[in-house]
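Colleague: This is what each chain is made of:
There are 6 protein chains.
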Amino acid sequence: MPVINIKMTHEDGGATKEQKEELSKGITELFAKIFGRGASSAVVIIEELNTDNYAIGGKTITQIRNEVKK
Amino acid sequence: MPVINIKMTHEDGGATKEQKEELSKGITELFAKIFGRGASSAVVIIEELNTDNYAIGGKTITQIRNEVKK
Amino acid sequence: MPVINIKMTHEDGGATKEQKEELSKGITELFAKIFGRGASSAVVIIEELNTDNYAIGGKTITQIRNEVKK
Amino acid sequence: MPVINIKMTHEDGGATKEQKEELSKGITELFAKIFGRGASSAVVIIEELNTDNYAIGGKTITQIRNEVKK
Amino acid sequence: MPVINIKMTHEDGGATKEQKEELSKGITELFAKIFGRGASSAVVIIEELNTDNYAIGGKTITQIRNEVKK
Amino acid sequence: MPVINIKMTHEDGGATKEQKEELSKGITELFAKIFGRGASSAVVIIEELNTDNYAIGGKTITQIRNEVKK
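Chains as they are written, first to last, in this note's numbering: chain A, -19 to 50; chain H, -19 to 50; chain P, -19 to 50; chain Y, -19 to 50; chain R, -19 to 50; chain X, -19 to 50.
Check the hints yourself; a few may be wrong.
Identical copies go unnamed one by one, so any copy, or any two together, can satisfy a pair.
Said to hold, decoys possible - In the SDA-like style, the derived pairs of lysine to any residue whose C-alpha atoms are separated by at most 20 Å in a straight line are:
hint, residue 1, residue 2
1, 13, -15
2, 39, -9
3, 39, 6
4, 5, 43
5, -3, 49
6, 39, 17
In case anyone wonders, no lab produced these hints; they're calculated from the structure.
This is chain A alone, in the form it adopts within the complex (with noise of 0.2 Å):
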């Protein structure tokens, strides 16, 4: 307790196996200081999508990224 999930998209190369260790450690930390509980059995689970299929106001990111550059 508790199962934390992180949906992200993938860019860059992706999330290395370094950054997804801080931050899990790093997320079940945080939950047992505030909640006193969860540092043996905090679950995180990390998910990376495809920038086409996350998207925001309508737009994916896919979409906003090339806004962005233009």
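Use these hints to put chains H, P, Y, R and X onto chain A, whose structure you have.
Modeller: Here is chains H, P, Y, R and X on its own, set in the frame of chain A:
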């Protein structure tokens, strides 16, 4: 707000970039029309799954598609 | 197929039964129009969350709504 | 490992404590039997939803149950 | 981007408004520090569950807490 | 009804087609036995994750497996 997550099977070559854009835009507009908010902040996430990994009534989509073909 | 999950904040008395029906029907029709399947099997799940439990950019919707009011 | 999430409708007074225990135990044992792991670390999360908030084929379970009753 | 979903048990009166704000802010800052994006667009969703509805290793948290008390 | 989502690590070549069929069928039957519904409408979705993307107690499964090997 809101977050809308779509889990669908990857069939016939998978959803195209254009279909994903149309789905993201359409769902966001529909939500905003009904609830009067979310037009700029709605998040849409599309996840495609192998037909072996999605089952209805205890049978995978792979099994269901094969039965139909017979 | 597909499964569509909507997580939205519970505001202004919450989504009405009619709004939920309209959203479920509208998303299902939109999906079926784009992909040519799912009209009878699409699952739509709507989850409403307290505005303290949904944050954007590190601020809860409660905080964001209060800032706007000021 | 794994994390198993069940989203079901809240009907007939809802799932009892005993049903939830039986489901959690049964799914964990089934997974461990098939994959040879997870017996002590599987997480099972059960979420119950109002029948207005769960739709199949564009109709909410409330609508579907009412049609059956007629 | 990203969307971060936390499913935790509702215990000891539940997470306070301040704890939810701290968690939302802390996770968003951690993610932004590691990946260099998401500071203004990260979505954090916190869901609290009855201890009967969350199980580890085939036992609900209710069962686990009761065993510890004995 | 219901929707059951399984997130598991991809290990030892991954879950086979047969294991996925057995899991989907078994969970559906178990649910139907306990609750008396869902036999034909239960949806089961299986997602496999890299061992770098699943952590317990702040350590990724990759790290946990490596410690065991030592």
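Colleague: Determine which of the earlier numbered hints do not hold for this structure and return their numbers in increasing order.
Modeller: Those not satisfied: there are none.
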